[in-house]
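Number of protein chains: 2
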Amino acid sequence: MKTFEEILKIIDIQINKIQWQREPKGLYAPIDYVLSLGGKRLRPALTLMAYNLFADNILPAIYPAIGVEIFHNFTLLHDDIMDKAEVRRGKPTVHKKWNENTAILSGDVMQIIAYQYISQTPPEHLKEVLDIFSKTAEEICRGQQLDMDFESRQNVSTEEYLEMIKLKTAVLLGCAIKIGAIIGNAQNADCQAMYDFGINLGLAFQLKDDWLDVWGNEQTFGKKIGGDILCNKKTYLLINALQLAKGQIGQELNFLLNTDNILPEDKIRCVIEIFNSLKIKELTEEKINLYYKKSLEHLDNVKVDSSKKEYLQLLAKELLQRNK
Amino acid sequence: MKTFEEILKIIDIQINKIQWQREPKGLYAPIDYVLSLGGKRLRPALTLMAYNLFADNILPAIYPAIGVEIFHNFTLLHDDIMDKAEVRRGKPTVHKKWNENTAILSGDVMQIIAYQYISQTPPEHLKEVLDIFSKTAEEICRGQQLDMDFESRQNVSTEEYLEMIKLKTAVLLGCAIKIGAIIGNAQNADCQAMYDFGINLGLAFQLKDDWLDVWGNEQTFGKKIGGDILCNKKTYLLINALQLAKGQIGQELNFLLNTDNILPEDKIRCVIEIFNSLKIKELTEEKINLYYKKSLEHLDNVKVDSSKKEYLQLLAKELLQRNK
Chain A
1 MKTFEEILKI IDIQINKIQW QREPKGLYAP IDYVLSLGGK RLRPALTLMA YNLFADNILP
61 AIYPAIGVEI FHNFTLLHDD IMDKAEVRRG KPTVHKKWNE NTAILSGDVM QIIAYQYISQ
121 TPPEHLKEVL DIFSKTAEEI CRGQQLDMDF ESRQNVSTEE YLEMIKLKTA VLLGCAIKIG
181 AIIGNAQNAD CQAMYDFGIN LGLAFQLKDD WLDVWGNEQT FGKKIGGDIL CNKKTYLLIN
241 ALQLAKGQIG QELNFLLNTD NILPEDKIRC VIEIFNSLKI KELTEEKINL YYKKSLEHLD
301 NVKVDSSKKE YLQLLAKELL QRNK
Chain B
1 MKTFEEILKI IDIQINKIQW QREPKGLYAP IDYVLSLGGK RLRPALTLMA YNLFADNILP
61 AIYPAIGVEI FHNFTLLHDD IMDKAEVRRG KPTVHKKWNE NTAILSGDVM QIIAYQYISQ
121 TPPEHLKEVL DIFSKTAEEI CRGQQLDMDF ESRQNVSTEE YLEMIKLKTA VLLGCAIKIG
181 AIIGNAQNAD CQAMYDFGIN LGLAFQLKDD WLDVWGNEQT FGKKIGGDIL CNKKTYLLIN
241 ALQLAKGQIG QELNFLLNTD NILPEDKIRC VIEIFNSLKI KELTEEKINL YYKKSLEHLD
301 NVKVDSSKKE YLQLLAKELL QRNK
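Each protein sequence line maps, in turn, to chains A and B.
My numbering puts the first residue of the first sequence at 1, with every later residue one more than the last.
My numbering puts the first residue of the second sequence at 1, with every later residue one more than the last.
In short, the hints are calculated from the structure, not lab data.
You may find that some hints are simply not true.
Given that identical chains are not distinguished, each listed pair holds provided it fits within a single copy or across any two copies.
Said to hold, decoys possible - Listed next, the in silico DMTMM-like pairs over lysine to aspartate or glutamate satisfying Cα-Cα at most 25 Å (straight line):
1. LYS25 with ASP131
2. LYS2 with GLU318
3. LYS233 with GLU297
4. LYS294 with GLU139
5. LYS127 with GLU138
6. LYS2 with GLU138
7. LYS96 with GLU163
8. LYS279 with GLU6
9. LYS267 with ASP305
10. LYS2 with ASP305
11. LYS96 with ASP147
12. LYS135 with GLU23
13. LYS267 with GLU100
14. LYS97 with ASP228
15. LYS25 with ASP147
16. LYS127 with ASP209
17. LYS234 with GLU23
In this text, all values refer to a predicted model and were calculated from it rather than measured experimentally.
Only chain A is shown next, with the shape it has when bound in the complex (with noise of 0.2 Å):
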């Protein structure tokens, strides 16, 4: 069994690995860029991790789990675009570094190197990998649309929002670790299982995302708190704010999204001071916890020595209680 830091190491090498010195320029240094800017490498991690459950040699899932790494990166890169980002992990995003024909090209050729990779699973579990890729794939691009539409909506309910993010990021989590499961000659039922081990860890993993624009760490968080108060973003903290909000306090909130006279820091300190009093804080905690504990509960179902999920249950936790 390797531990979340060993497996690291090997992806990292394996990234590294990658020549992208090739012609024309313009279309791979993005790309090169892009993956040298780091990021937790979680996706591809959860690939091997799941596989080393079932399978010792991690060799047949490693170039699968790099197709995923590329994609998300790839759905960074498009959605930078959309979103408007001029930062991505501390550097200029790629359609401001280079400009945006650069941005859609080079994401596009971004996913169909995810798809060489992902190409190279073991050929009898080839069809299977390709469908359930695909089909998260395709969710995704669901989930970043409905993401677009709820800006331009005046109401999002908690569940849709919770669908959102999902599409959104859940379904990556739970794909990962599927595809690593199957490689690794698992059982359907423990395939499935596995699956929603991602599907709550990632639910789970996005309202802490939520949380720590509000509550995180400025230094440790490496973003600046309060970036989704300030851009009104429908995140699960304000969807259920202005479901709670009445009387004064309702007013006060909405005053706050739609005037354009206030600094910004008043209005992430009037927003947040909003937020303590309906106790959102702890609404969102008991949410976080809620999903952690049904991920464990599908860890706890999946029929392999329990002692070999341990190292799964400590990259759940730590991932719930990071402050960054």
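We have chain A; now place chain B onto it with these hints.
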């Protein structure tokens, strides 16, 4: 053996069968729109006609053929954003009718759906078909990048131009045909000969496109004559003219390319006069015929009864005699 027209009917039935009334509408409606605009359906037809050389029941090749067509339409969608094209097949492009974000994301999901169709290749050929498809898809992105790079370059050689159109256009014809041959259980040498038939046909096809921009019939061509001339597009015609034009004609051509002080119809007329004086029409027709002949030689080398090749020969002839 099925004729081109019979094959087209089968393809249209299949494409019309696809249900695009899926949620979220903003993601799928543009795909429905793009695919309903029509187009020649040349690529899926080539897949099925190539298959039909080696086997009768075309069922196993239909979904991969549709995948190739969806991929082709995805490239048009994203290319139109990059080229800021406002019209495609006489209708507003997706990024004009909706917006750029919609065009990016709907294109992304089209690429995924293309892979879903390709993945329905019979299992015994799945890996081989996936590999040629992904290789080709990557080459098309490289072709698009080169095309964009050429816009800002002073000098582009005919060799560089031919390499660019090979990547941007010809390889997908080669790939469509090869996929049909592979699924039809053709021998490797025949798959390769079919691919080379497609590459040469594709080169001739794109040069004919350049030719039609100047000497096409406006009514049947469906777009205004001289569009490439107006935007100084480095086509095979212009690149050759720049190489051949000496002395006064050279100065005149350079003046026409660099002045803003001329009516569009005058610029088009004067450049065409220069093309005619340099015999660019004949030179381009020679090159088209060269590739056309090469394509037929490769088709001749395929080891199936020559009577079976008639429909493909006829299609190749019609493509290069087309006036639209």
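Here's how the hints hold up against the structure:
1. LYS25 with ASP131: between (32 Å within a copy, 23 Å between copies)
2. LYS2 with GLU318: within (16 Å within a copy, 61 Å between copies)
3. LYS233 with GLU297: neither (32 Å within a copy, 61 Å between copies)
4. LYS294 with GLU139: Answer is within; shortest intra-copy Cα gap is 22 Å, inter-copy 45 Å.
5. LYS127 with GLU138: Classified as both: same-chain Cα gap 16 Å, cross-chain 21 Å, threshold 25 Å.
6. LYS2 with GLU138: Classified as neither: same-chain Cα gap 31 Å, cross-chain 34 Å, threshold 25 Å.
7. LYS96 with GLU163: Answer is neither; intra-copy 31 Å and inter-copy 30 Å both fail.
8. LYS279 with GLU6: Result: close neither inside a copy nor across copies, 39 Å intra and 67 Å inter.
9. LYS267 with ASP305: Neither way: LYS267 and ASP305 sit 51 Å apart in one copy and 78 Å across, limit 25 Å.
10. LYS2 with ASP305: within (15 Å within a copy, 58 Å between copies)
11. LYS96 with ASP147: both (22 Å within a copy, 21 Å between copies)
12. LYS135 with GLU23: Close across copies (14 Å), not inside one copy (31 Å); limit 25 Å.
13. LYS267 with GLU100: This pair counts as neither: shortest intra-copy Cα distance 32 Å, inter-copy 31 Å.
14. LYS97 with ASP228: within (24 Å within a copy, 30 Å between copies)
15. LYS25 with ASP147: The answer is between: 13 Å across copies meets 25 Å, while 33 Å in one copy does not.
16. LYS127 with ASP209: neither (34 Å within a copy, 38 Å between copies)
17. LYS234 with GLU23: between (42 Å within a copy, 20 Å between copies)
Hint check: violations occur at hints 3, 6, 7, 8, 9, 13 and 16; the rest are consistent with the structure.
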